[in-house]
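Take these sequences, add in the hints, and give me the full structure.
Here our numbering is used: the first residue of the sequence shown is 1, the next is one more, and so on.
These are calculated hints, taken from the structure and not from any lab test.
We put the beta carbon where it would ideally sit given N, CA and C, even for glycine.
Pairwise CB distance ranges (calculated):
1) A267 - D350: 42 to 52 Å
2) T246 - G135: 27 to 37 Å
3) Q326 - A228: 45 to 55 Å
4) Q326 - E346: 13 to 23 Å
5) A267 - Q358: 43 to 53 Å
6) Q326 - L301: 25 to 35 Å
7) V260 - G135: 40 to 50 Å
8) F344 - A228: 54 to 64 Å
9) K339 - V311: 18 to 28 Å
10) D273 - G345: 36 to 46 Å
11) I360 - Q326: 18 to 28 Å
12) L167 - D226: 33 to 43 Å
13) T113 - A333: 48 to 58 Å
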Amino acid sequence: MAGSRSHCPVGSSQRIGACFRGAMAERQTEETFIMSRKDAIDSLFLKKQPSTERPSIDKSAVRVRTGAISAMGSSLQVMAEGAKAASRLQDQLAAGETVVSLDPSMIDGSQITDRLPVDVDPKFDQLEASISQDGQQVPILVRPHPETTGRYQIVYGRRRLRAAANLRREVSAIVRNLTDRELVVAQGRENLDRADLSFIEKAFFALRLEEAGFDRPTVIAALSTDKADLSRYIAVAKAIPLDLATQIGPASKAGRSRWVALAEGLANSKAADAIGGVLESELFRTSDSDTRFSLVLKAVLKPAVKPSKSVKAWSMPKGKKAAVIQKDTGRTALIFDEKLVPAFGEFVADQLDRLYAQFIETTDGEKLDQ
1 MAGSRSHCPV GSSQRIGACF RGAMAERQTE ETFIMSRKDA IDSLFLKKQP
51 STERPSIDKS AVRVRTGAIS AMGSSLQVMA EGAKAASRLQ DQLAAGETVV
101 SLDPSMIDGS QITDRLPVDV DPKFDQLEAS ISQDGQQVPI LVRPHPETTG
151 RYQIVYGRRR LRAAANLRRE VSAIVRNLTD RELVVAQGRE NLDRADLSFI
201 EKAFFALRLE EAGFDRPTVI AALSTDKADL SRYIAVAKAI PLDLATQIGP
251 ASKAGRSRWV ALAEGLANSK AADAIGGVLE SELFRTSDSD TRFSLVLKAV
301 LKPAVKPSKS VKAWSMPKGK KAAVIQKDTG RTALIFDEKL VPAFGEFVAD
351 QLDRLYAQFI ETTDGEKLDQ
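The structure is reproduced here in structure tokens:
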């Protein structure tokens with residue numbers, strides 16, 4: 001209504017009078033509206049009853065009151081927005097959606113390790129150089145430590161964490177609340193998605209999970225495998241000493257069949273002696289993990305060196321060699337040439353009882369007959 005005015009058209013005196021009376025009524029209505037609105041505001045902020053009179057307005061007082069109320073409203077709005085932001089941050093942290101920077105020294109290892117240590121690891125050196133030059137591109141995943149307030153426990157990203165620690169810089173991490181089961185499943189799945197664990201690392205990861213008391217469905221979920229493969233993983237991990245596997249390393253190029261062959265070869269009682277020299281050699285110490293595995297497997301599967309056989313020949317009176325006497329470890333063989341002395345071997349076989357009796361009489365062979 002404010003600001004609007006009626007304009008009377010030119011015409012008869014009756015029409016002009018009617019228009020004038022309408023304009024006056026409109027003005028009175030507008031003034032009544034303004035006074036009513038003022039009285040309402042005064043009743044809210046000044047605790048006064050609505051006035052029927054039109055007192056003079058102190059404009060400076062109105063400006064002071066309006067400024068204070070505006071400032072208070074702005075402060076309340078800032079506080080409300082801050083509370084909302086804090087709530088969003090808390091929700092994001094709870095959902096693991098926010099990347100934060102953490103001191104590597106505040107992060108502890110997982111309860112179940114899934115990697116074997118590597119002395120010579122070119123890939124890690126490349127990762128560390130990349131983080132040093134370009135920064136950490138992919139955050140690690142951690143959870144609040146279940147036993148120590150203010151500390152964290154890593155779920156996955158151990159190599160990135162180690163690189164950050166070596167570089168003396170904070171590590172980018174996602175913080176997520178996880179149960180023990182959720183931790184090991186996330187840990188296994190992430191490494192499997194990255195094709196990052198070798199066969200033997202999966203095998204020992206499965207064995208450690210089982211020994212820690214996790215049920216088979218959880219272990220199967222963590223490794224994304226089935227019951228049959230899980231049984232093979234655990235069988236190989238039990239057959240290969242952890243100390244030997246640790247010295248070899250992950251050997252990412254060695255698949256299941258070669259690790260199974262090594263496990264079977266270690267069942268030989270002489271296997272320990274065969275690989276002892278290999279583990280102490282300079283070649284083994286300076287080689288990468290895959291080469292170390294090949295050296296150990298070759299030593300285990302290498303056939304034992306057989307002692308040379310003692311061979312004697314028996315010749316007939318005319319000088320022809322009609323038989324060969326071979327002495328090997330624990331046995332003696334007499335082989336006749338059937339072309340030169342047909343049926344002679346059978347004849348000798350028939351004389352064995354008599355020959356053995358003569359042997360007993362002429363030697364101490366009686367001890368053999370007890």
